[in-house]
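Residue-level listing of the chains:
Protein chains: 2
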Amino acid sequence: MKKGKPLILVVNDDGIDSQGINFLKKIMCQIGDVYVVAPDTNRSAYSHSMTLNNSISIKKMNKNVNDFACSGTPVDCVKLALNKILPRTPDLCVSGINHGSNQSINGLYSGTLHAAMEANIQGVPAISFSHLSYETIINFTPFSSFIYDVSKKVLGDSNEGVTFNINFPDVPFKDIKGVKVCLTGQGVWKEKFELVKKEKFEKHFLIGGEFKSNNNLINTDNWALTNNFISIVPVNLYPHLSINLDKLKYLENVF
Amino acid sequence: MKKGKPLILVVNDDGIDSQGINFLKKIMCQIGDVYVVAPDTNRSAYSHSMTLNNSISIKKMNKNVNDFACSGTPVDCVKLALNKILPRTPDLCVSGINHGSNQSINGLYSGTLHAAMEANIQGVPAISFSHLSYETIINFTPFSSFIYDVSKKVLGDSNEGVTFNINFPDVPFKDIKGVKVCLTGQGVWKEKFELVKKEKFEKHFLIGGEFKSNNNLINTDNWALTNNFISIVPVNLYPHLSINLDKLKYLENVF
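Chains as they are written, first to last, in our numbering: chain U, 1 to 255; chain G, 1 to 255.
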């Protein structure tokens, strides 16, 4: 490793073979020394889950390149990267680029965002990148300079306890109006369950569904993305500080 | 179902056979009509993960009792319960009692807390209960009246977007000093990785470790539990509101 060069960890949840992570890796190689540690297959919607009581394998993909495929969750990848693979604590962790939205409530399910959050817990500045298209091949090229610039900015910042959740709207790049730093907008999945098998006392379902969001509230990622802005939501690791605790003190009288 | 009786969903991540969920079910049966929908085996540390692209089975344990074992994650259990099992949206969801701490950063990994949060996303008042002991058999009995009373309070409240994360200290009940409504304290897992198998270019690890927390900050769950209080942390579904967005507006200039 060259002295003084930033050390960057690249992770995702779509798996080490996805287009998004390989595109992100190439940009990071222009900034610093890069290690890729990612799931060996798609592990979308793994959220902040980790593997207990089972072993996790980690495989170097090529002896000359620092790419590692992991049998565990996105969060397992980060834990192994920081403790067993990288030569020191990295200067930045970037996760993605996810194929699909992590706006609104989707971030709660996302392994991509939570991998970045896990790095942030360990004190590493962290960004999660997602594109609203769910296609396996996406034209990421126009976003290169934005990704490069925002990564360099966050690399130099001290935003302790904050992970940046960045989403790109699925519109032609020429129509993108700019960037909004904003809040997580409200949303919910209206699930549909396909009954795939039925036995006595037992049923088997496949979960699908449709994402419903409130896009009217200005200052939210839903609004920004609907109006062709890139959204940046700073996610706090300690999701409580905005609540008025005094209003809830009456619960202390229950005991 | 009797008219006017509350409908209550009971979930957990330790599995349908754990002592904690069966204890919680008994108390809830004193309050309303109860459905138990829980993982068929231990799924601790599954966080907010859900199952995509694989079917999930749901099995009625006994034709006369509303207990259902599910092959999916704790969040899958809640989604299936609300959409496919319960006769209507429940009036309350309680999760646990978890065998082990969900204080501090542990809540982020916890399937117990996130099952309650998933119900809350769907508009259901929700509480997660955890005991700091990791034993499979715990003396929960002294907590009965507190659990009954706090559940009745939350059942009647309107705290939209807030899930209550309640932890019991692992001390003799007579030493418990009361209840604190508080914030999530800071903490981190210092992991240890046991190398269980080594091949060319591939290693297999088991994750273990030790939880390190800052217990000095009054007004946090770490402080409350260390000082023999029951902790109640209101968790916000939208973990961003406490961040000063204006300070981060410079990132909008990157584009």
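Hint data in this document are derived by calculation from the structure and do not stem from the laboratory. Just to be clear, a hint being listed does not mean it is correct.
All copies of an identical chain are treated as equivalent in the list; a pair is satisfied when it fits inside any one copy or across any two copies.
[To be verified] Below, computed lysine to aspartate or glutamate pairings styled on EDC-like, alpha-carbon distance capped at 20 Å: (1) LYS174 to GLU194; (2) LYS5 to GLU191; (3) LYS59 to ASP157; (4) LYS59 to GLU202; (5) LYS190 to GLU202; (6) LYS26 to ASP149; (7) LYS84 to ASP40; (8) LYS5 to ASP67; (9) LYS197 to ASP17; (10) LYS203 to ASP33; (11) LYS192 to ASP33; (12) LYS84 to GLU191; (13) LYS198 to ASP40.
Results for each hint:
no.: 1; hint: LYS174 to GLU194; result: neither (39 Å within a copy, 51 Å between copies)
no.: 2; hint: LYS5 to GLU191; result: neither (46 Å within a copy, 27 Å between copies)
no.: 3; hint: LYS59 to ASP157; result: neither (32 Å within a copy, 51 Å between copies)
no.: 4; hint: LYS59 to GLU202; result: between (39 Å within a copy, 4 Å between copies)
no.: 5; hint: LYS190 to GLU202; result: neither (23 Å within a copy, 41 Å between copies)
no.: 6; hint: LYS26 to ASP149; result: within (14 Å within a copy, 57 Å between copies)
no.: 7; hint: LYS84 to ASP40; result: within (17 Å within a copy, 33 Å between copies)
no.: 8; hint: LYS5 to ASP67; result: within (18 Å within a copy, 57 Å between copies)
no.: 9; hint: LYS197 to ASP17; result: neither (32 Å within a copy, 25 Å between copies)
no.: 10; hint: LYS203 to ASP33; result: neither (50 Å within a copy, 23 Å between copies)
no.: 11; hint: LYS192 to ASP33; result: neither (44 Å within a copy, 26 Å between copies)
no.: 12; hint: LYS84 to GLU191; result: between (39 Å within a copy, 10 Å between copies)
no.: 13; hint: LYS198 to ASP40; result: between (32 Å within a copy, 18 Å between copies)
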